[in-house]
Amino acid sequence: MQRDIGKPMFDLLLVIASAAAFAVSTTLPNIEIIGDLSPAFFPKLISALVFVFAVPCLIKDVREWQAADTRNERTISSRGVVQWLLIVALTLGYILIFERLGYIVSTAIFTFSCVIGLLLASGTWHELTSARRVRSLAGAAIFAIVLAVVIFYVFTELFEIPLPA
Amino acid sequence: MISGYLDGLGMVLQFGTLLAIAGGTLLGIIMGALPGLTSAMAVALLLPVTFGMPPVMGIGMMLGALCGAGASGSIPAILLNIPGTPSSVATTFDGFPMAKKGEAGRALGLSIVASFLGGIASMVILSLLAPPIADFALRFGAAEYFSLSVFGLVIIASVAGKSLLKGLIAGLLGFFVSIIGTDPITGVDRFTFGELSLLTGVNLLPALIGLFAVSQVLKDAFEYDPHQRLKDSGHRIDVARPRFLETLKHWRALLVGILSGSIVGPVPGAGGSIASLVAYDQARRFSRHPEKFGTGHAPGIVSVESANNALLGGALIPTLALGIPGEAATAVLLGGLMIQGVTPGPMLFDDQSGIVHGIFLAYLVANIFMLLIMCLGIKLFIRVLMVPRKQLLSAILVLCFIGVYGVDGDVFNLYLMLGFGILGYFLNRYGFGTAPVILGLILGPIAESNLRRGLQAFEGDWTPFFTRPISLTFLVIAAGLLVLTLWQNYRANRVPVQASKEGANP
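Residue numbers (this note's numbering), protein chains in the order written: chain A, 41 to 205; chain B, 420 to 925.
I should point out that these hints are in silico values taken from the structure, not numbers from a laboratory.
Treat the hints loosely; a few may be bogus.
Said to hold, decoys possible - 35 Å max Cα-Cα, derived DSBU-like pairs, lysine-lysine:
id: 1; chain 1: B; residue 1: Lys668; chain 2: B; residue 2: Lys520
id: 2; chain 1: B; residue 1: Lys798; chain 2: B; residue 2: Lys519
id: 3; chain 1: B; residue 1: Lys638; chain 2: A; residue 2: Lys100
id: 4; chain 1: B; residue 1: Lys668; chain 2: B; residue 2: Lys711
id: 5; chain 1: A; residue 1: Lys84; chain 2: B; residue 2: Lys638
id: 6; chain 1: B; residue 1: Lys668; chain 2: B; residue 2: Lys798
Claimed, not checked - Chain B is faced by these chain A residues, among others (derived, beta-carbon under 8 Å):
id: 7; residue: Val64
id: 8; residue: Leu68
id: 9; residue: Ile86
id: 10; residue: Cys97
id: 11; residue: Leu132
id: 12; residue: Leu159
id: 13; residue: Ile185
id: 14; residue: Tyr193
id: 15; residue: Phe195
id: 16; residue: Glu197
Since we're looking at a predicted model, the values are computed, not measured.
Ideal placement from N, C-alpha and C gives every residue a C-beta, glycine not left out.
With the hints as extra help, turn the sequences into a complete structure.
Right under this line is the structure:
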């Protein structure tokens with residue numbers, strides 16, 4: 041069995057989040073309408089149920105984690121984590137610049153950064169010769185510009201979906 | 420019924436609609452052929468494109484994507500021994516050995532025709548079974564709808580997650596998200612934290628795209644390894660010739676596949692991989708030469724591929740008739756229907772019979788396009804497999820952005836999409852599943868509004884929910900399923916414990 045600390049950590053997060061949601065639910069105003077339930081009824085019920093279900097999951101996953109062979113520790117690839125964080129960070133950045141810089145510029149920057157970022161994060165960049173690096177940069181730039189422009193025209197002209205200019 | 424079909428035919432046989440269905444099918448084929456990308460993701464990416472379309476055109480496009488993705492998972496399965504979708508895992512058992520014998524074109528021809536026939540048969544089953552079920556559901560009142568929603572949540576939580584508790588937690592998370600916003604009865608703001616964009620609730624589209632597309636991109640980003648490139652299989656195929664006669668010769672395997680897909684399809688959460696494995700197993704049992712299975716035997720391919728596409732028609736029965744999707748892809752389709760302003764359920768069959776029959780016919784046309792596009796474009800789809808992942812991931816994210824931003828031009832929805840993407844990534848990683856979240860999001864408001872409406876009508880009395888026969892039946896089945904699943908989980912956990920004890924004391 042693989043040893044993965046992430047599983048019990050995620051369960052713990054659910055336990056804490058559901059307890060917090062229940063606490064916030066108790067602050068909702070209690071408006072009485074004949075025969076109707078309070079607006080806090082379902083938030084309280086759902087958060088309580090998530091708490092009740094998440095606790096046994098947490099106990100089971102902690103036990104499994106303790107029982108699992110330490111030699112079989114699930115090694116989280118640091119490269120994978122870096123690539124994952126990179127995509128999350130770039131997506132967040134894309135959201136921030138999407139309206140400010142307009143669709144075409146922000147999309148071209150985002151796409152170019154994704155392609156080159158993954159090349160760097162995966163370690164491939166260091167394996168390339170300088171000529172291949174220049175080619176990769178040029179290829180990524182062309183891909184980013186063409187993708188941004190083609191999608192802009194397809195969606196704004198063909199499907200009439202307004203995008204920030 | 421005939422007038423419904425005539426109305427539907429009028430909606431489908433328009434140039435724009437046919438083009439949309441063909442476009443959806445093409446996208447579905449490409450997504451299905453790329454290992455790791457799912458049919459649910461294809462539909463999620465199509466949602467924004469279908470905004471401005473008439474219902475049958477938009478839904479036809481999404482059905483085309485589902486149909487194409489259901490069939491094209493066989494391409495990498497046959498040529499590279501890599502299943503494009505989970506449901507084509509069983510295609511590798513006989514498809515790849517047949518390709519290795521130098522008969523890749525034959526394997527593809529068989530799989531395409533089996534998919535086509537499976538799809539057509541399931542369309543017939545769908546059009547025969549969905550209307551009577553919807554007709555029956557017309558008797559439902561608030562109590563029955565509440566119980567049906569609870570039943571739907573329980574059944575999908577039981578089968579979608581790796582454990583019952585985790586499936587239930589995922590469903591409840593979706594339910595919780597659905598209550599965010601202004602309470603429709605009292606006007607109280609719930610969990611909006613002063614954010615104006617949340618007053619009308621969490622928009623379905625960022626949730627769908629985040630959970631099914633962004634989470635998949637994040638998974639791919641985590642696993643991205645530039646050194647693991649797909650190598651060209653070396654099988655030279657320009658056109659995959661459809662093999663109708665040979666497929667029909669294996670009618671027994673075809674029938675087994677169609678029946679397996681049609682029976683497994685309506686079971687919420689069961690999914691394509693179960694249907695195809697059941698079909699493969701049953702086809703081998705009924706075969707006169709079971710020993711040939713796994714060696715490049717044609718009935719192995721025919722049974723699996725016909726089950727894959729028969730599954731979709733089966734899954735559409737509860738989706739359209741009751742508003743409860745059969746699996747993840749139809750859950751996204753259900754979201755798409757609601758965004759289109761079409762509310763699935765019995766009233767749809769009563770009020771908009773033309774649209775319903777148009778959907779049946781669009782599904783039929785999608786299968787025909789799938790056959791044509793797969794046969795003619797096989798060389799292109801093999802090329803698609805070689806597209807570098809880093810370019811593909813960024814392009815998918817850009818499409819996700821456009822889709823979500825296009826709903827109402829609100830940047831807040833983009834943050835929601837990313838949030839749901841991260842949540843979906845961890846839910847999948849730790850065995851909770853994302854399909855129950857969507858079910859919770861869709862069924863949650865139905866459950867809440869009908870419970871409260873019912874209680875108002877019954878003056879606060881809860882007993883009608885447990886005494887009305889249909890309502891009681893749904894609740895009893897839901898409770899029975901919970902107990903059964905808990906028992907199965909308990910037994911499954913006991914077996915390894917016993918085995919380890921026996922191993923320690925031989």
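Against the structure, the hints:
Straight-line distance between C-alpha atoms of Lys668 (chain B) and Lys520 (chain B) comes to about 21 Å, which keeps the hinted pair within the 35 Å bound. Distance check on the hinted pair: Lys798 (chain B) and Lys519 (chain B) sit about 18 Å apart at the alpha-carbon level, within 35 Å; holds. About 25 Å separates the Cα atoms of Lys638 (chain B) and Lys100 (chain A), which keeps this hinted pair within 35 Å; it holds. For the proposed pair Lys668 (chain B) and Lys711 (chain B), the alpha carbon gap of about 16 Å is at most 35 Å, so the pair holds.
Taken as a hint, the Lys84 (chain A) and Lys638 (chain B) pair is honoured in the structure, with Cα atoms around 33 Å apart against an allowance of 35 Å. A hinted pair counts as satisfied when its Cα atoms are at most 35 Å apart, and Lys668 (chain B) with Lys798 (chain B) qualifies at roughly 27 Å. A hinted interface residue such as Val64 (chain A) counts as satisfied when its beta carbon comes closer than 8 Å to some beta carbon of chain B; here the least separation is about 7 Å, so the hint holds. Proximity of Leu68 (chain A) to chain B holds as hinted, the smallest CB-CB distance being about 6 Å (cut-off 8 Å).
At a threshold of 8 Å, the smallest CB-CB gap from Ile86 (chain A) to chain B is about 5 Å, leaving the interface hint in force. Because the beta carbon of Cys97 (chain A) sits about 5 Å from the nearest beta carbon in chain B, less than 8 Å, this interface hint is met. Proximity of Leu132 (chain A) to chain B holds as hinted, the smallest CB-CB distance being about 7 Å (cut-off 8 Å). For the restraint placing Leu159 (chain A) at the interface with chain B, the shortest Cβ-Cβ distance is roughly 7 Å, inside the 8 Å limit, so the hint holds.
Given hint, Ile185 (chain A) at the interface with chain B, is violated; its Cβ is 12 Å from that chain's nearest Cβ, farther than 8 Å. Evaluation of the Tyr193 (chain A) hint against chain B yields a violated restraint, the C-beta minimum of about 12 Å exceeding 8 Å. At its closest, the beta carbon of Phe195 (chain A) sits 6 Å from a beta carbon of chain B; the interface hint therefore holds under the 8 Å criterion. Taken as an interface hint, Glu197 (chain A) does not check out: its beta carbon lies about 13 Å from the nearest beta carbon of chain B, beyond 8 Å.
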